[in-house]
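**Q** As they're listed, the protein sequences go chains A and B.
Residues 1 to 423 (my numbering) are what the first sequence spells out, left to right.
Residues 1 to 433 (my numbering) are what the second sequence spells out, left to right.
It is worth saying that the hints were derived from the structure and are not from the lab.
Please note that a few of the clues may not be correct.
Computed cross-link-like contacts, DSBU-like style, restricted to lysine-lysine with a CA-CA straight-line distance of at most 30 Å [claimed, not checked]:
1. B:Lys76 / A:Lys295
2. A:Lys314 / B:Lys134
3. A:Lys352 / B:Lys235
4. B:Lys134 / A:Lys295
5. B:Lys17 / A:Lys295
6. B:Lys17 / A:Lys148
7. B:Lys112 / B:Lys224
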Amino acid sequence: MQTQLAKGVQLTTVPSHQFKTNQIILNFRAPIKRADITKRALLANLLETSSADYPDQRALAHALAGMYGAAFGAGVSRKGPTHNLQLAITVPNERYLATDEPLTLQAIDFLAAIIFKPLVKDGHFDEPTFKRQVTNLKASIQSVDDDKQYYAAQKLNAALFAADEAQQIPSYGLAADLDQLTSSDLYAYYQTLLADDQINIIVMGDFDDAAVVARWQALGFKDRLAARPAAFYHHENAGQYTETSEIQALSQAKLNLGYDFPVFYRGQHYYAALVFNELFGGSPLSKLFMNVREKASLAYYASSSLDTFRGVLKVSAGIDGQNHDQVLQIIADQLTAIQQGDFTDDLVDQLKLGLINDFESSLDSQRTFAIQALIDDLTQQTVSDEDWLEQVQAVTREQIIEVSELVTLNNGFFLSGGQHASN
Amino acid sequence: MQVTNYDQFNETSYQTKLDNGLTVTMLPKAGYHKTYAVFTTNYGSINNTFVPAGQTEMQRFPDGIAHFLEHKMFEKADHDAFQTFGKYGASANAFTSFTRTSYLFSATRNLKENLETLLDFVQDPYFTPATVDKEKGIIGQEIEMYDDDPSWRLYFGMIGNLYPNHPLQYDIAGTTDSIAKITADDLYAAYRTFYHPENMTLFVVGKLDPDEVLSWITANQSAKNFDAFQPIETKIPATATDGHDIIPYRSIEMPVARAKSVVGVKGLMPIESGLPALKYRAGVNVLLEMLFGDTSQNYLRLYDQGIIDESFGYDFELQNGFDFLTFSGETDDPAAFDAAIIDGLEHWQTAVLGQDELLATVKKEMIGRIVFMANSLEAIANRYDQNLFGQATIFDEPAIIDGLRLEDLATIAEQLLTSQAISEYQIRPAAKN
């Protein structure tokens, strides 16, 4: 059920008896701006760890434990041209516990306390808490670089969007930004966010719908005056390949490739692109998996993924550094093979079955419904499960070949250990 | 078929043992689209010394053989099991732990075909010198990837400290040198020893009809012939019950942004399998939450002092024959981190004795988490371990947690948290080149 709590504040309730927990997710969404990214990441950390009612983590942890181990978290993400700050809380359904406490309504009250009663004094966030979270966010941003697979993916992203800083930097921000931020700046920004961001709330599970809607309505959200943000960002095709590389002390090299691929979520070619990606590198039956990993024994992993909110395709492979040229060639050959129609109809049928399996399986995760509700709100359209299945089934080999012609290799990032002795 | 009703959760499990010795457990989940099946042998990375089936002498096999065998099971003379699962729209995988190897699939359609594929590919070994050699490249890459992972190095560094004379210390995948020695004959020897149905379990959960599924499994199994089961003889060195073999401290350098540290505690006393093991795990988990969980005094104090942050975590590993605790985190001052954790462990009494209210809160939290797990087919299936916990499923756990008293926790703490069982391992940032 859809309820508009105010202009730009949408509540979706999804009744289901399938799960033994109830989940509440609230998204603050705004057009992504270079200057705001780090602020929003820091806000997520502050909101996750403190509020006026629960001034330190122990108080907050006790409140959650008291709601039978409610799981609460805040996080940030990018979807095309929008930045999303998300608060999520999940509680067990009390019918499976020896209690009559209305845990779902308690969880809504808890979220409201977190959002509307932050730990603030004289127009700024509590200074010791602020400083602690700045230190911790800085440390966690710096440690991300220790995950080499992630580091390489991040470097490729920066190269793919070299012309647009807001798209380049990670959704969790930059450590350098944190030095300039003050607790009063951040509080001022939080006021703007509360007033202007689109808000999208999803409650999923087995609960009294009227009581849940009434609880949200009582919070008195105000109309948003800002326009609804665009759903898509259009990557610019460079038309040629540029590779950057870096040497670090490591034993397994990473080769990450970025392609321009102007296909957008539920737009023209979308379903063909889904099948194409499964065929190229998105599944264990894919060309990349079979030829880079299995046949040539050149890589531990080699896979592709789509970003249909920005119009790009990415490939990542973990390889022996000295095989760089060979792997690059084999990856290119796989794309050419698809463009030339070198795949069987049987394989296409299997790939579709795999996609359908993933889709139907995702219906067994409570989180799927919140993700879908957010995307539906962002794109202002919905597709029924039956439609989705039909559209995937209807994809032809000609459509796969056609969509594969839209792929253009733009950027590469190669992270290696330098001189590599292999056995 | 043994039927167990879990009224509080509105769930029912069905268990039976087939004529060939295979234990089958089924748990239907109403409203689910997917079925998850996991086929497990009690054979893991620590079982590298055993008497091969049909022989009489104890033999040492190369480290990493159980994991290598897991990889090779998928490849057949004329096809790959992944392809067969693909044909039926399933997603398949496998994993090897210290004591178990599991093969699994999940699928929303073609359950019968997928179940038969799972049983058939695991029960039809095919190894040749050529296919074994080819796999060495792939697994070599996997080992190298883990070598670069500081968290993995930290974890195995600590295990090396706690179990210096025990096969636990070896990486589950082995080393590039050890796997180079593996032959097709070795794989057959391991397979024949450990993959007898008597040593295996099949757990199926999700969208299913128990009678129908059991009839498919029974038909599939009764069409195959297995040799009579011989009790498996393995050799795993005993570790000192006074902890004198523990290496108290080691550190290495790696290219990391911040230092990482881990404090480990080795369980010195053997844990009886079945209900005692289930109670012990629940007790240790509650104890840990009271000592260092986010509801504890220690957590807030150390967080506010900047000694721990969000990267802090702890883990309790309990498997057949061993158990240990790890407390790890990123830190600017590894010595201060270790000292704070060890201090908290040695003064466990402060956090436990007389803390009835905290115990009640922590119990609520732990019971609630079981309700969370009841949503996940994977959690329900993977938490089942017949060898360690008998036929218990996650739905047996809330009553056990609810029954824990402070005295139980004190008994566990007295025995587990002793100074001679504690060790430290640190990764320090290497000088930038």
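**Q** Indicate, hint by hint, whether the structure satisfies it.
**A** Tested hints:
1. Only pairs whose Cα atoms come within 30 Å are accepted, and Lys76 (chain B) paired with Lys295 (chain A) is accepted, the gap being roughly 14 Å.
2. A hinted pair counts as satisfied when its Cα atoms are at most 30 Å apart, and Lys314 (chain A) with Lys134 (chain B) qualifies at roughly 28 Å.
3. Of the pairs offered as hints, the one joining Lys352 (chain A) and Lys235 (chain B) is violated, with about 48 Å between alpha carbons and a cut-off of 30 Å exceeded.
4. As the CA atoms of Lys134 (chain B) and Lys295 (chain A) are separated by approximately 9 Å, the hinted pair is consistent with the 30 Å bound.
5. With a C-alpha separation of about 40 Å, the suggested pair Lys17 (chain B) and Lys295 (chain A) falls outside the 30 Å cut-off, and the hint is violated.
6. Between Lys17 (chain B) and Lys148 (chain A) the CA atoms are separated by roughly 46 Å; this puts the pair beyond 30 Å, and the hint is violated.
7. Restraint check for Lys112 (chain B) and Lys224 (chain B): the C-alpha separation of about 17 Å stays at or below 30 Å, so the hint holds.
The structure fails hints 3, 5, 6 (numbered hints given earlier, in ascending order).
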